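Asker: Here are the chains, one letter per residue:
Protein chains: 2
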Amino acid sequence: MAKKITDRSEDYSQWYQDVIREAKLADHSPVRGCMVIRPNGYALWENMKEALDGMFKETGHENAYFPLFIPKSFLSKEAQHVEGFAKECAVVTHSRLKSVDDGVEVDPDSRLEEELIVRPTSETIIWDAYRNWIQSYRDLPILINQWANVVRWEMRTRLFLRTMEFLWQEGHTAHATKEEAVEETERMLEVYRTFAEEYMAMPVKTGVKTESERFAGAVETYCIETLLQDNKALQAGTSHFLGQNFAKAFDVKFQSSEGSHEYVWATSWGVSTRLVGGLIMTHSDDQGLVIPPRLAPTQVVIVPIWKSDEQQENVLEYCDTIIEELKELDIRVKLDDRENYNPGWKFAEHEASGIPLRIAVGPRDLENHNVELARRDTLEKNIVDRDGLGERIEKTLKQIQIDLYDSAKKRIDENTHTVDSYEEFKEVIDEKGGFIYAHWDGSSETEEKIKDETKATIRCIPLNEGEEGKCMVTGKPSRQKVLFARSY
Amino acid sequence: MAKKITDRSEDYSQWYQDVIREAKLADHSPVRGCMVIRPNGYALWENMKEALDGMFKETGHENAYFPLFIPKSFLSKEAQHVEGFAKECAVVTHSRLKSVDDGVEVDPDSRLEEELIVRPTSETIIWDAYRNWIQSYRDLPILINQWANVVRWEMRTRLFLRTMEFLWQEGHTAHATKEEAVEETERMLEVYRTFAEEYMAMPVKTGVKTESERFAGAVETYCIETLLQDNKALQAGTSHFLGQNFAKAFDVKFQSSEGSHEYVWATSWGVSTRLVGGLIMTHSDDQGLVIPPRLAPTQVVIVPIWKSDEQQENVLEYCDTIIEELKELDIRVKLDDRENYNPGWKFAEHEASGIPLRIAVGPRDLENHNVELARRDTLEKNIVDRDGLGERIEKTLKQIQIDLYDSAKKRIDENTHTVDSYEEFKEVIDEKGGFIYAHWDGSSETEEKIKDETKATIRCIPLNEGEEGKCMVTGKPSRQKVLFARSY
Chain A
1 MAKKITDRSE DYSQWYQDVI REAKLADHSP VRGCMVIRPN GYALWENMKE ALDGMFKETG
61 HENAYFPLFI PKSFLSKEAQ HVEGFAKECA VVTHSRLKSV DDGVEVDPDS RLEEELIVRP
121 TSETIIWDAY RNWIQSYRDL PILINQWANV VRWEMRTRLF LRTMEFLWQE GHTAHATKEE
181 AVEETERMLE VYRTFAEEYM AMPVKTGVKT ESERFAGAVE TYCIETLLQD NKALQAGTSH
241 FLGQNFAKAF DVKFQSSEGS HEYVWATSWG VSTRLVGGLI MTHSDDQGLV IPPRLAPTQV
301 VIVPIWKSDE QQENVLEYCD TIIEELKELD IRVKLDDREN YNPGWKFAEH EASGIPLRIA
361 VGPRDLENHN VELARRDTLE KNIVDRDGLG ERIEKTLKQI QIDLYDSAKK RIDENTHTVD
421 SYEEFKEVID EKGGFIYAHW DGSSETEEKI KDETKATIRC IPLNEGEEGK CMVTGKPSRQ
481 KVLFARSY
Chain B
1 MAKKITDRSE DYSQWYQDVI REAKLADHSP VRGCMVIRPN GYALWENMKE ALDGMFKETG
61 HENAYFPLFI PKSFLSKEAQ HVEGFAKECA VVTHSRLKSV DDGVEVDPDS RLEEELIVRP
121 TSETIIWDAY RNWIQSYRDL PILINQWANV VRWEMRTRLF LRTMEFLWQE GHTAHATKEE
181 AVEETERMLE VYRTFAEEYM AMPVKTGVKT ESERFAGAVE TYCIETLLQD NKALQAGTSH
241 FLGQNFAKAF DVKFQSSEGS HEYVWATSWG VSTRLVGGLI MTHSDDQGLV IPPRLAPTQV
301 VIVPIWKSDE QQENVLEYCD TIIEELKELD IRVKLDDREN YNPGWKFAEH EASGIPLRIA
361 VGPRDLENHN VELARRDTLE KNIVDRDGLG ERIEKTLKQI QIDLYDSAKK RIDENTHTVD
421 SYEEFKEVID EKGGFIYAHW DGSSETEEKI KDETKATIRC IPLNEGEEGK CMVTGKPSRQ
481 KVLFARSY
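For the record, the sequence lines run as chains A and B. Position one of the first sequence corresponds to residue 1 (UniProt numbering), numbered consecutively onward. Position one of the second sequence corresponds to residue 1 (UniProt numbering), numbered consecutively onward.
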């Protein structure tokens, strides 16, 4: 069989596309920049959603749903916000089509009085609603999350990592005090970090964005950043402290317990289907997708092998006992008993689609009371005893989860550098890439100069402040080293 | 406390709005026809989603996600389909805003080459993708479902029942044979019937639509129809046999096992947030919302009552033992220990929001080893023994589910009439409303005449064919009685 997946070393970008195609995760759609998420990709997203949703509910949040459309005038109410999103808006201007000779045309008589924007994010429509919901301190906090699709008119798109339409969750909370809002912003950053590391096995750095990289309308943007196999960084989630910006724009005040009227404090935070791209680029290899067991829609696939009808019956019976045992242990198991594909073909398919463990069972395994167990991450195969198989698999799945995290952590650590001079910085970024810690004077001018000259941006200012020093570019005082990388 | 909910007998439509407001299910939004689904409403929808999603997966379906936008030219490919949806389309024409003196304006330079339609339903974009996925009979069947938002530019809207944007699921399946596709259409109708009756406790009639009420592009539309408390019918779900219409429009052929190339057979089926409106209008009363226990986000609420600090401590401890017992039984229980609201206020709130069972616990209940148990549906209150409370509640929740179904069934049966003449038909529809079985000659002209003269439409042609007869209007032969009603 010809190899269907390009090697990473040969063409990283093609490798990424090949992995997605062979694992049947997503397709490009005829609508520029929009993707079709296929069942395998969507099942992965569903598992991510379920885990995150549980964590949001545990931290006191409820789900709600706000309109897809935002009146154009709403966007303008927060000055920085509209500036950030105006250039990438899908605008609805008409409400009807009419038949013409060769198809349909937009009916000019259906022009809307006010244009509607397909939400790029929902702060404005949500804070308009919060105005009606908040009167007194008793109505606070409001802790709401929304699972939704959003649209940003991106020109350069890539499956999962940057698409015009994407699926995400956006949390929007309202608080009586600044302290509470900052606490919430940090709590949700920690939820994202935990999810990335414990479910996705994807180590991340945390910190805050510089002013120029901040969310449009935020006072402070916290983020989690990871490093992918091509040594480029990926912003994987953000949590924003919005101050009173949106409360002021939408006039949302509350009566405090002392009777005064004050503006409400806000946060918003989100992660998206971009995480699927991050997961792919963190763990996958030249054979295809690798999925951490905790998120794998199928954790174990069983491939029965037979030649005669009698063998088939016996092998399938043997497989049934395994399935039963694994289901008892809440392991997500699937039997691949398709008759029009041979075992080798199935092995390649399951490898490409990233199922963490494969069991193969042939007539000889029945005789010897064995099975063949193959790990997707290491590609190791072992003949193991049928007795105690369930427990062994349970343990192995846990081990794979740990190993994937450790190996990603090792890779990222090896590719995280600290430099003292701009010369060294340029050398490292060109020759190695990766994360680079370096001193910076805190000015947007220097940040811009570095970006222009090296294509590297400040991914975040770490929260655990380090030593003071001097900016590698200007020699001016620097409060701490910050984290640079080229990024997606 | 002034009564906040209008009586049904006084103003049914106002009652519906009041129930939604007091139960905090949804709000009107500033975008005409779009609603904000508040946490209480969304939690109800989440429970419906979860139950339906489980039923879809049990019947072999997988979830996927297709683009929000449909190129204008796609809609035109199926002639009836575009005719059905052209007049209610949100059309995206531009991709940017630009700043002007008093805000932002659509940037005329960002006009799209081809306009995009916000999906009113996804047959076209999905069948375009299926063309790439289907080559051989081995690729069939495709059994896919999508949870999504859709937009239909409705002029007259009503919260949940008819909104411009709504949430729904749409199943889209592809089959090798007509028989298989028809079987699938009927299977999903049965899933909807089961869900409506067993989860929503909402009895439905099933049947097929007449040609004039068929889905745009379908060969046959099956439906479930219920009757609401104002004796108007509601179409609650539809399952369409699409024949080869979309396969032909998008040129989707497969190679059969005999080697011939044939068009693929299709179905689609959907239910939406409209179901929430149906649920409200089936069970609720003049005190507010009534939710069947199987779908209730909170099944039991506990209201502790105390005067002194010591009482508070003891009562809350007593409540904790109840909560523990109920959680063991997988009952969704909530403690309402808010200190700034009195018990009477809480009772009214929980009644309005439809929680099936309320437990009140005061100091005297501790002494007597009792609790007060109140049923939301019957408004019955009883002092019951603390011993065996968990089991009693489990039993009562099941009983409420049954009673709600039975009482809705009784109401619908009492309001289902059979008539022999058009005179009688007009009398019944004007004086009583409800469902009416009557003979019809099968022509669109007669159907139209009845609609014009009585505002009643044919809700469905029942699947279990009845006796032949003569059309009540024209006297022409009729194959069976069909079901009429005025409807939402």
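Hints should not be assumed to be uniformly reliable.
A pair counts as met if it fits within one copy or between any two copies, since identical chains are not told apart.
What the hints assert, rightly or not - With a straight-line Cα cutoff of 16 Å, these simulated EDC-like cross-link-like pairs (lysine to aspartate or glutamate) come out: (1) K398 / E197; (2) K476 / D336; (3) K87 / D107; (4) K449 / E113; (5) K307 / E391; (6) K178 / D320.
No lab work stands behind these hints, which were simulated from the structure alone. Please read all numbers here as calculations on a predicted model, not as lab measurements.
Asker: List, from low to high, the hint numbers that the structure doesn't satisfy.
Answerer: The structure breaks hints 2, 4, 5 and 6; every other hint is satisfied.
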